[in-house]
Every structure is written in C-alpha cells, then in structure tokens.
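Visitor: Here is what each chain is made of, one letter per residue.
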Amino acid sequence: MTVPLGAFIAVSAVLFFIGAAGVLVRRNAVVILMCVELMLNASNLALVAFARRAGHLGAGNPLDQRGSVFVVFVFVVAAAEVAVGLAIVLAAYRNRPTVNVDELHEMKG
Amino acid sequence: MFDFFEPLFFALFAIGVIGAGAAVVVLRRITAQALLMALTFACMAGMFLLLGAETIALFQVLIYVGAITILILFGVMFTKQDERPYGLFFQEQTPWAAAVVVVIALPVTLLAFSFKDPATPSAKGGDLIPLAASLFRDYAFPFEVASVLLLAALVGAIVLVKQDER
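From first to last, the protein sequence lines are chains D and Z. Residue numbers are given in numbering that gives the first Met the number 0: position 1 of the first sequence equals residue 0, and the series is strictly consecutive. Residue numbers are given in numbering that gives the first Met the number 0: position 58 of the second sequence equals residue 57, and the series is strictly consecutive.
One or more of the hints may lead you astray.
[Stated by the list, open to error] Restraint ranges, calculated between C-beta atoms of paired labels, are given here:
1) D:N99 - Z:I157: 23 to 29 Å
2) D:H104 - Z:V99: 42 to 48 Å
3) Z:V99 - D:A53: 37 to 43 Å
4) Z:T93 - D:N94: 31 to 37 Å
5) Z:I14 - D:E102: 50 to 56 Å
6) D:T1 - Z:F142: 29 to 35 Å
7) Z:K161 - D:E102: 19 to 25 Å
8) Z:I157 - D:V100: 20 to 26 Å
[Said to hold, decoys possible] Stretch by stretch, here's where chain Z covers chain D in the computed footprint (C-beta under 8 Å, at least three residues):
9) 36–45
10) 78–92
[What the hints assert, rightly or not] Taking beta-carbon pairs under 8 Å as the criterion, some of the chain Z residues facing chain D (in silico):
11) G15
12) L34
13) T39
14) M43
15) G45
16) L49
17) L57
18) V60
19) I62
20) G65
21) L134
22) F135
23) D137
To be clear, the hints were calculated from the coordinates, so they are not data collected in a lab. Where a beta carbon is used, it is the ideal one built from N, C-alpha and C, also for glycine.
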C-alpha cells in the first residue's frame, strides 16, 4: 500500500495557496519573504512528484534526472532570493525604520 | 506487515506541512512564525524521502531548514517588528478572493486526484549518483549559470547592506 502521487500534488497545491494568501494578506516584509519561500517549496514538491511519475527518479535510472536538477536550481534561486530580499529589507529599514510594506512607498515617485 | 508505515508518515508530514504553513500565515509572533516555517521545511524533507528523492531531502534540510531559516531569523532580529492588525477573513476583498479560489483551486484539486500512478514504479532511493551525473554532464552549463547567479546575489547582498562611509 503506497501513497498515491496525487496526494503529494494536493499537498503541494494547498501549501502553494497558503503561501500565496500570506503574500497577499500580510504586510510585514519578512513574513512576505517567508511565504514566498513556502510557495517555492510547494513547487519543489510538485516537481519531485511529477519526476517520480515520469520515471525520472531513482537508482540506476537511464533517463536524466531533469526533475531533481530543476529542484536544485530552485534551491539556488530561493537562496539567492532570500539573501537579496533581506538585504533590500535591511537597506529600506535603514532609511525608514519599518518593515511594513504599506509604508515603504518612496519609490512610487 | 509494515505497509501502513508509508501512509502514516505521509499523514504526519502532510499535517505538519499544512498546519505549520497555515500557522506561518495566521500567527503574529514573528519568531514562532520563522521556527514554524522551519518545521514546514523539515516535514517537506520527509515528503521528499517518501517520494524516494533522498538527495533532494538532504539539500532541503541543509539549505532550507539550515541556511534560509537562519537568514530569516537574522532579518527578524535586525529589524523592529511592529505588526499592524490586518484582516485575514473579514475584509472587503473576501468575496473576490473566494471566487478566485473556487475558479483555480477546484480544477487543481480535481487534476490532482485524477492523477494516475505509474504502472511500473521506479526503484526508490540511491538517487545521488544519477543526479550528480545528470547535473554535471547534461546540465553543466545551467549549473555554471546558477553559480554565477549565486555570486551575483552574494555581491549584491553585501553592497545593499554595506554602510556608507561618507
């Protein structure tokens, strides 16, 4: 008895919607970064589940591991994104001591 | 005999992922939110193990549970957190949000549950050697581009947070 792959896809979809709701609802810049990370991680779960379904996953596989490779690139992009995002939050915080994104409207012109 | 282990662990990890993820969005205590985000990532690593992607689970623990959580906690500590009240459920966009959720989430859910498992499941585990061969042979150029992206992010983060010495 194994878990159907659709269950993994369903968990991935639910986590993605939770993250999207957090990005849209919360106004704290650090919390928004956390929710973006949740969305990226949900996409990773979907990628791995689809890679398993396509038979691209596992030992001694003659096919290339394109799903896993893409997940590795998502890791790289997520790490770069959170580093630069937090740097931007800290730089904006130095100008105006708040992390509320509603109050950071100086670039609107 | 141990057939029930996999659904049991899947249920535990699913509750962990969804419960902790929802708590990240709903709670107001920022340190607890960051640690619950780490719990979400740890349960997600368990999901990767269940799917047979051991190396990805290892990277998940190293990068997400380790590095990104620490980075977010540093961001929390460097800034003053004055959380404003916000309306999560009772605000004027709620009907629009519900309509969007119905339009998008229902097809996604139907698609997820109409999903057929592969007839011959591939062997689980031991994906480090195929992944490494694939990454360094077939995808060597994107790998180098990703390293350049990381270098650019490193330099950019340092430049952005550097104090002006004027």
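Visitor: Compare the structure with each hint and give your call.
Guide: Structure-based check of all given hints:
1. D:N99 - Z:I157: 23 to 29 Å: 26 Å, holds
2. D:H104 - Z:V99: 42 to 48 Å: At 25 Å between Cβs, range violated.
3. Z:V99 - D:A53: 37 to 43 Å: 30 Å, violated
4. Z:T93 - D:N94: 31 to 37 Å: 34 Å, holds
5. Z:I14 - D:E102: 50 to 56 Å: About 36 Å separates the Cβ atoms of I14 (chain Z) and E102 (chain D), which means 50 to 56 Å is violated.
6. D:T1 - Z:F142: 29 to 35 Å: 33 Å, holds
7. Z:K161 - D:E102: 19 to 25 Å: Given a distance of about 24 Å, which is inside 19 to 25 Å, the answer is holds.
8. Z:I157 - D:V100: 20 to 26 Å: Holds, since I157 (chain Z) and V100 (chain D) (Cβ atoms, about 24 Å apart) stay within the stated range.
9. 36–45: holds (count 5)
10. 78–92: holds (count 13)
11. G15: Violated, about 10 Å.
12. L34: Hint violated; L34 (chain Z) Cβ to chain D Cβ min 11 Å, cut 8 Å.
13. T39: 6 Å, holds
14. M43: 5 Å, holds
15. G45: 11 Å, violated
16. L49: 7 Å, holds
17. L57: 11 Å, violated
18. V60: Violated. Min distance 11 Å.
19. I62: Holds, because the Cβ-Cβ distance from I62 (chain Z) to chain D comes to roughly 5 Å (cut-off 8 Å).
20. G65: Hint violated; G65 (chain Z) Cβ to chain D Cβ min 11 Å, cut 8 Å.
21. L134: It holds, given that the least Cβ distance between L134 (chain Z) and chain D is near 5 Å, below 8 Å.
22. F135: 10 Å, violated
23. D137: With a closest approach of 5 Å, the D137 (chain Z) hint holds.
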